[in-house]
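Student: Here is what each chain is made of, one letter per residue.
There are 4 protein chains.
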Amino acid sequence: MIKIYTVSGYEEVGKNMTAVEYNGEVVIIDMGIRLDRVLIHEDVNIQQFPTKELQKLGAIPDDSSIRNRKVVAITFTHGHLDHIGAVAKLAPHYPDVPIYGTPYTIKLAKGEVKSEQYFEVKNPMYETEYGEIVQVSENLAIEFVRITHSIPQSSMVVVHTPEGAVVHTGDFKFDNNNPLGERPDYKRLRELGKEGVKVLIPESTRIEQPTKTPSEAVAQMLLEDFFLYEGMEADGLIATTFASHIARLQELIWIANKMGRQAVLVGRSLAKYTGIAKQLGLIKMKGAKAVRSPNAVRKVLKEVSGARESYLLIVTGHQGEPGAVLTRMANGELYDIGKRDTVVFSAGTIPNPLNRAQRYVLETKLKMRGVRMIKDLHVSGHASREDHRYLLRLLNPENIVPAHGDFRMLTHYAELAEEEGYLIGRDVFVSRNGYMVEIK
Amino acid sequence: MIKIYTVSGYEEVGKNMTAVEYNGEVVIIDMGIRLDRVLIHEDVNIQQFPTKELQKLGAIPDDSSIRNRKVVAITFTHGHLDHIGAVAKLAPHYPDVPIYGTPYTIKLAKGEVKSEQYFEVKNPMYETEYGEIVQVSENLAIEFVRITHSIPQSSMVVVHTPEGAVVHTGDFKFDNNNPLGERPDYKRLRELGKEGVKVLIPESTRIEQPTKTPSEAVAQMLLEDFFLYEGMEADGLIATTFASHIARLQELIWIANKMGRQAVLVGRSLAKYTGIAKQLGLIKMKGAKAVRSPNAVRKVLKEVSGARESYLLIVTGHQGEPGAVLTRMANGELYDIGKRDTVVFSAGTIPNPLNRAQRYVLETKLKMRGVRMIKDLHVSGHASREDHRYLLRLLNPENIVPAHGDFRMLTHYAELAEEEGYLIGRDVFVSRNGYMVEIK
Amino acid sequence: MIKIYTVSGYEEVGKNMTAVEYNGEVVIIDMGIRLDRVLIHEDVNIQQFPTKELQKLGAIPDDSSIRNRKVVAITFTHGHLDHIGAVAKLAPHYPDVPIYGTPYTIKLAKGEVKSEQYFEVKNPMYETEYGEIVQVSENLAIEFVRITHSIPQSSMVVVHTPEGAVVHTGDFKFDNNNPLGERPDYKRLRELGKEGVKVLIPESTRIEQPTKTPSEAVAQMLLEDFFLYEGMEADGLIATTFASHIARLQELIWIANKMGRQAVLVGRSLAKYTGIAKQLGLIKMKGAKAVRSPNAVRKVLKEVSGARESYLLIVTGHQGEPGAVLTRMANGELYDIGKRDTVVFSAGTIPNPLNRAQRYVLETKLKMRGVRMIKDLHVSGHASREDHRYLLRLLNPENIVPAHGDFRMLTHYAELAEEEGYLIGRDVFVSRNGYMVEIK
Amino acid sequence: MIKIYTVSGYEEVGKNMTAVEYNGEVVIIDMGIRLDRVLIHEDVNIQQFPTKELQKLGAIPDDSSIRNRKVVAITFTHGHLDHIGAVAKLAPHYPDVPIYGTPYTIKLAKGEVKSEQYFEVKNPMYETEYGEIVQVSENLAIEFVRITHSIPQSSMVVVHTPEGAVVHTGDFKFDNNNPLGERPDYKRLRELGKEGVKVLIPESTRIEQPTKTPSEAVAQMLLEDFFLYEGMEADGLIATTFASHIARLQELIWIANKMGRQAVLVGRSLAKYTGIAKQLGLIKMKGAKAVRSPNAVRKVLKEVSGARESYLLIVTGHQGEPGAVLTRMANGELYDIGKRDTVVFSAGTIPNPLNRAQRYVLETKLKMRGVRMIKDLHVSGHASREDHRYLLRLLNPENIVPAHGDFRMLTHYAELAEEEGYLIGRDVFVSRNGYMVEIK
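Protein chains in written order, with the numbering used here: chain A, 1 to 440; chain B, 1 to 440; chain C, 1 to 440; chain D, 1 to 440.
Take the hints with a grain of salt, since some may be wrong.
Derived pair list, reagent style SDA-like, types lysine to any residue, alpha-carbon separation capped at 20 Å [unchecked claim]:
{"#": "1", "chain 1": "B", "residue 1": "K284", "chain 2": "B", "residue 2": "R261"}
{"#": "2", "chain 1": "C", "residue 1": "K284", "chain 2": "C", "residue 2": "I255"}
{"#": "3", "chain 1": "D", "residue 1": "K367", "chain 2": "A", "residue 2": "Q55"}
{"#": "4", "chain 1": "A", "residue 1": "K367", "chain 2": "D", "residue 2": "E11"}
{"#": "5", "chain 1": "D", "residue 1": "K110", "chain 2": "D", "residue 2": "P98"}
{"#": "6", "chain 1": "B", "residue 1": "K365", "chain 2": "C", "residue 2": "E12"}
{"#": "7", "chain 1": "B", "residue 1": "K339", "chain 2": "A", "residue 2": "P210"}
So the derived label-pair ranges between C-beta atoms look like this [stated by the list, open to error]:
{"#": "8", "chain 1": "A", "residue 1": "S64", "chain 2": "C", "residue 2": "S269", "range": "55 to 63 Å"}
{"#": "9", "chain 1": "C", "residue 1": "R298", "chain 2": "A", "residue 2": "G421", "range": "54 to 62 Å"}
{"#": "10", "chain 1": "D", "residue 1": "K114", "chain 2": "A", "residue 2": "S64", "range": "50 to 58 Å"}
{"#": "11", "chain 1": "A", "residue 1": "S64", "chain 2": "D", "residue 2": "G332", "range": "20 to 28 Å"}
{"#": "12", "chain 1": "C", "residue 1": "G421", "chain 2": "A", "residue 2": "P162", "range": "34 to 42 Å"}
{"#": "13", "chain 1": "D", "residue 1": "R432", "chain 2": "C", "residue 2": "K367", "range": "26 to 34 Å"}
Residues from chain C shown here face chain D by an in silico Cβ test under 10 Å; the list is partial [unchecked claim]:
{"#": "14", "residue": "E120"}
{"#": "15", "residue": "V121"}
{"#": "16", "residue": "K122"}
{"#": "17", "residue": "F174"}
{"#": "18", "residue": "D175"}
{"#": "19", "residue": "Q209"}
{"#": "20", "residue": "T211"}
{"#": "21", "residue": "A217"}
{"#": "22", "residue": "L228"}
{"#": "23", "residue": "G370"}
{"#": "24", "residue": "K375"}
Hints listed in this document are in silico derivations from the structure and should not be mistaken for laboratory results.
C-beta: ideal position from N, C-alpha, C; glycine also.
Same shape as in the complex, but just chain A (with noise of 0.2 Å):
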């Protein structure tokens, strides 16, 4: 029997976690954090604290349901923090189980191990490829399944089991126009529906947009639209997006060298992501550069103060985050910024108090000082509703468990299950946080 461990990620959007059994062994998806339940204290600084305090405020996932079963593998879906950020903290759980994840996510989750400084993480790390089927126990193996999200080699995790495939769909869009080429890996879905899903686990946080979501290649196209503009006679240029986001900062960097100005990436955050990326071959940087030490930052910025028309700035800060290179701008602090700046916000505002107080706060800021902004020149990288029905139709898969999403999100996944034919309680079960499905 296949059980379904809901460990976490079923009551919020972030800190997701899931693991799947199989006659008692166990594969575990995902160690993310939830970083606004950090934020509501002051206090708190992730590196330093301990596993048990940081779970108790609900920061990273509460894994006890978990711990004394014999767990055979961890994978990562895709490096974002709300999937890998934990992985310091909870990998020791469960020492010497192998880490797998495709290169760019591997990397990533290398670096939140090194920042640690409470434990040590010693379990091996594999690099995994798309395609490549990894036997983890004589019962069970794993499959990374190429698909598009807002971070580069993204992925669906397959667990093969005797009784059929649970597939976790990670964060997920379909993108079939994505511009740097990335496409999901339509063959393989749908000859693992035809194979036989018993499980699929999706993410739900877009299930309510009555759409498909569109392409990157929108984003693209509203960017160029706009800086490629007739007679835009802009001085200065910021722009800002999210730091792990290569296809939004590739597109940045091809408008930039179309304008005849230089890109300049500002920012500790934006140095990690496209410094990896570009070690992969993910990112062409031709044309632009990356700063990152606090004197390379206020020299560069110092520069591009004088000689506005010669750069497009790209900076991190786009929800107004404290330190961020935007919000201390804003603050006055290592760029006069002011009325011959234009920000572009290439980023939707995080729907969650805490980030629109922040927000609020930059804009607010950016005002009073004669800014020029420019917003929701974005598009999200989640799957909507007529996405997820595409999916079910392809997967056709017998048992529905919606992750990664509030209890509202979760029950709308079940709805548009229903609309397919399935039933709540029947087939599509949605759980809470520590709590387990049995698969019948």
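Chain A is already provided as a structure; the job is to place chains B, C and D on it using the hints.
Tutor: Frame of chain A; chains B, C and D shown alone:
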């Protein structure tokens, strides 16, 4: 001295009418209707209703403030009904005064005149080309400037006076990638800015969106991304959009061709708008057909229902309008719509309680029949806040009279203008229906 | 074993019907209609429509899951149409099965039966007192517990089984200060809690409000504060509220008396509900009169319009229902409503797109006539989240099946229950129309 | 000629300041602060910050438009910080100019002056009675008219000029049933209306609510209905409300007495406001005590936590303000708040993203500790649309300058005025911070 008569459309989105007076001579811009004011009265048939009654209902402009002025020209910015729909009722108030507009606009206006059952309109109507400057009196000349919107041959109307130009934007967006190839005439706008714009009369409907409105190319991409989806195995495909949105219809026809399906446009207004567009070379109907008469509609829908996989139906009724094709389908008429069909809404919901209710009824009925729906594959045809800012910088007008919006929209426009250095009451004037603004 | 058939009202607010089975014997609770499902079809006249058709439209419960069970009693919690409105259509499915309810409820149900034009209802109907325990089979007894709501003589229905009580709340609020003196029977509820409640079936309509619902005394104060205002010099005064809301009507009559005006209730349904209420001593009509026939209505409104300062009109039509008195007034019929009149809405807007549209039409028309409107002098009749929590603590039920709400409301109820120590799937069951929950 | 200087509070809710000039002499009305502008800067301590800096931050009014005018009097409408909070910073700009207000207001203003650490305020401050007419120059006299709001001794300020009265409403509601017995002075308002009001300067914060604001008696009833609930068996009871809302605090003390619990008010600002109120006989503290010093707070909360059923705690922190008592409790300080406690919010959430975030953090933390929360047992202190209409009819002013609101609120007020026969730009003036309106 220039006077701007804000006749109508200054307290609502609908029934636009403005008049520009210089030295006792008047140019009228637009004569629209307001359909929601007709909708709330069940027994009103516009074609058969007298002008006074329709004015009392708030369905067409009350033009009493300019009836006794010396009108030398009537101009139309574009062919939407909220800009030309009252021509048959109001043009007779200004006998013999010539009417000007682009060819597509004038042909549509002639259609309105023809279907009127109460009045006879004898005003001469002239098809005017972009760029042509038409002297309409000793002091006044008019000019149509090419601009992009959701109907072909939209224009900004310029009234040239000895004191400078008065520019009425009509409805517009800055679309730099329109799939049909139409582009805003930035060059002429920039020239006008240099020559000196005395008054700008801009539309205000989407002033609250803090972004740049996406290009029509984005709508095309959204549609292609859905329809040309790998593995899309839909049976019946039904798209619905605005009948006058020729670019959108063209995209749908292209898509049908790529899918190897025949596009069939069903409904009287679709036939009307595409008919005139075809005649002017504005749409290529290759691979498509439009059916209009009740018999033809019934026949073609019977055919389609027997071979759904061979057609892409394009129908009226995206707002659930009574009598429209999709509305009737939802009622079980014309075509046995059901589980095998997907309805694609390539249109937003017009934010009026009556439209919301009609749309709700439509969707509820479709859902009860098991129809799959996909929404919002659409972009707006109206400029957002940052487009408006760009226009202000292009034209650098001395005075501004925001139009085409309710009080909230007009005052939001005034806020934008204040950010750009104007001051309400000094050079930005928020006016009301029936009043007049004197420009010093 | 107890089975709860969640026949209807588990996917909507409307057409409630639940059945409790023990040992093969069934008690039905409520048989309601869903008016918005009737409204979306223009040609449906409930009285003349057959049951099957109405079920297909989703207008009345589909009772097929219990049609062949052995039904021993039908009970009504209270007299609102979403609880009794389908009696004439569905009671014939259970011939000779007796129907029970409080006197006001039964008299209203008899009215429904009488106006039916398609079926004849022969079931015996019994007026039952609060507290009386009626043995309806060897194993089962029913009981009506006094509770407060927005119609007189509302009750919770208890089905006593050998395994413990099943409590269906009907619609309720905990009103400790109702101006008519009705109070919840806390004593009996506490006793039931001690005796042991096997299953609680609570309504869920306002579960999302994180507060305690205000007493009807608050509505009375809002009305008095407006009408008895120092210096209130209104001319025509027109109040509109729910025709079955006897407490509210009584307050308005008292207020009219205090103002030295005559209260005149105009409209058929007002006459119906107050007529029965008066007969049972539930309302004092002193100083008021109700007019019903078209002629009387016309006559009295003519009188009132000639001496507006002497009357307080109380009319139907607060949701802009077609044919209601206020709706007709807004159309210019019956009474020349205008600048001298103030309309007081002592009712909220029912949050359904159709109602919103009707209400919008009503308000637009009234506004165009210069009528002053004052809204929201009203409190809800439904329990909020903290009232529900209190009920849970009073009854301490073993199992919960949330009712009377859409999926979102039912799941929100489940969330509350989880806060109180229950667990979804274990002892809280979110069910759907037509399904059944087995209680172990 | 009368000039109205709309110094501040005309683009926000906060930092109110208006000046009325006649014949070169000026009366100032209010000098408030805007706390959210302080909050967005982490390092700002108002008491220690110079005036210019605070003006630059937008935290206090920029009074440069009137600094060189001949000011003859400074008046305060009431004691809220957005009306008196800048006294210590701005009064020194007008040396020796006397300050007037009701006794409670002046005592609070003196407290502000005392805690200032940067400036010394030497202006004489006079406690003025309602009805008293104070001649402040040969031409000008001022008068305070009794009105109701959410703090004691609120007033409308009248500036009597040879051209008629200028009435500034301050913040107000028409409360005809205030439990403390305060009533609006309708008689005087009606007289003023008859004598002739040249200009009305009304607050606009709740102009968009289409109703009459409920009386404070409704809040009392909501609280009683919750606390005096039959069977309410709560253990720890903690209420939180505005520290200056003396009526609300009195109600809570009365309720505690009825419950046989001791009311304990904890927190510095609660002690401050109730201390002055007690001194003026505005509150009866019988059965209650207020603790202020950190030691006393710690001691009393330790006592309470050992005998929760004996106390009703009344604490600061309803908006989650950092450092407030409830905020600290939620952090696990001062009192082991948890499952046995119920927190009653007798206050709304202030609709500003920063407040929302603080409140969200507070509620999240309380929820994680298992605390029961009940919200919205509260009514507003501000007039709604229909109250404003009534005031217009009472005073019948010649001109209107809406105050105390953002642009949207001011324009909504203008819309109401237009319904009552005024016209924007003619006799209703929507102004902005720092501008001046000339009254002809």
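Student: Now look at each hint and say whether the structure bears it out.
Tutor: Now for the hints, and whether the structure bears them out:
Between B:K284 and B:R261, the direct Cα distance comes to roughly 16 Å. Compliance with the 20 Å bound is thereby established for this hinted pair. Distance check on the hinted pair: C:K284 and C:I255 sit about 13 Å apart at the alpha-carbon level, within 20 Å; holds. Under the criterion of a C-alpha separation no larger than 20 Å, the hint pairing D:K367 with A:Q55 is consistent with the structure, at around 16 Å. The straight-line distance between the Cα atoms of A:K367 and D:E11 is roughly 14 Å, inside the 20 Å bound, and the hint therefore holds.
Distance hint between D:K110 and D:P98 is fulfilled; the C-alpha atoms sit about 13 Å from each other, no more than 20 Å. For the hint linking B:K365 to C:E12, the alpha-carbon distance of about 15 Å falls within 20 Å, and the restraint holds. Pair hint B:K339 plus A:P210 holds up; C-alpha atoms about 17 Å apart against a cutoff of 20 Å. Separation of A:S64 from C:S269 is about 59 Å and conforms to the stated range, judged on CB atoms against 55 to 63 Å.
Separated by about 56 Å at the C-beta atoms, C:R298 and A:G421 satisfy the suggested range of 54 to 62 Å. A C-beta distance of roughly 55 Å is found between D:K114 and A:S64, which places it inside the suggested range of 50 to 58 Å. The supplied range of 20 to 28 Å is met by A:S64 and D:G332, whose beta-carbon atoms lie about 22 Å from each other. Distance hint check for C:G421 and A:P162: the Cβ-Cβ separation is about 38 Å, which falls inside the suggested range of 34 to 42 Å.
Here the CB-CB span from D:R432 to C:K367 is close to 29 Å, well matched to the stated 26 to 34 Å. The interface hint given for C:E120 is broken, as the beta carbon of that residue sits about 45 Å from the closest beta carbon of chain D, more than 10 Å. Against a cut-off of 10 Å between C-beta atoms, the interface hint on C:V121 is violated, since the closest Cβ of chain D lies about 39 Å away. The beta carbon of C:K122 comes no nearer than 43 Å to any beta carbon in chain D, farther than 10 Å, and the hint placing it at the interface is violated.
The interface hint given for C:F174 holds, since its Cβ lies 8 Å from the closest Cβ of chain D, which is under the 10 Å cut-off. Given the 10 Å rule on beta carbons, the hint for C:D175 holds: about 8 Å separates it from the nearest Cβ of chain D. Using the Cβ-Cβ criterion of 10 Å, the hint placing C:Q209 at the interface with chain D is satisfied: the shortest such distance is roughly 8 Å. Residue-level restraint check for C:T211 holds (minimum Cβ-Cβ distance to chain D is 5 Å; threshold 10 Å).
The interface hint given for C:A217 is met, as the beta carbon of that residue sits about 6 Å from the closest beta carbon of chain D, less than 10 Å. Proximity of C:L228 to chain D holds as hinted, the smallest CB-CB distance being about 8 Å (cut-off 10 Å). Annotation: interface hint on C:G370 holds; nearest CB of chain D at approximately 8 Å, less than 10 Å. A distance limit of 10 Å between C-beta atoms decides the matter here; for C:K375 the minimum to chain D is near 5 Å, and the interface restraint holds.
Against the hints set out earlier in the document, violations occur for numbers 14, 15, 16.
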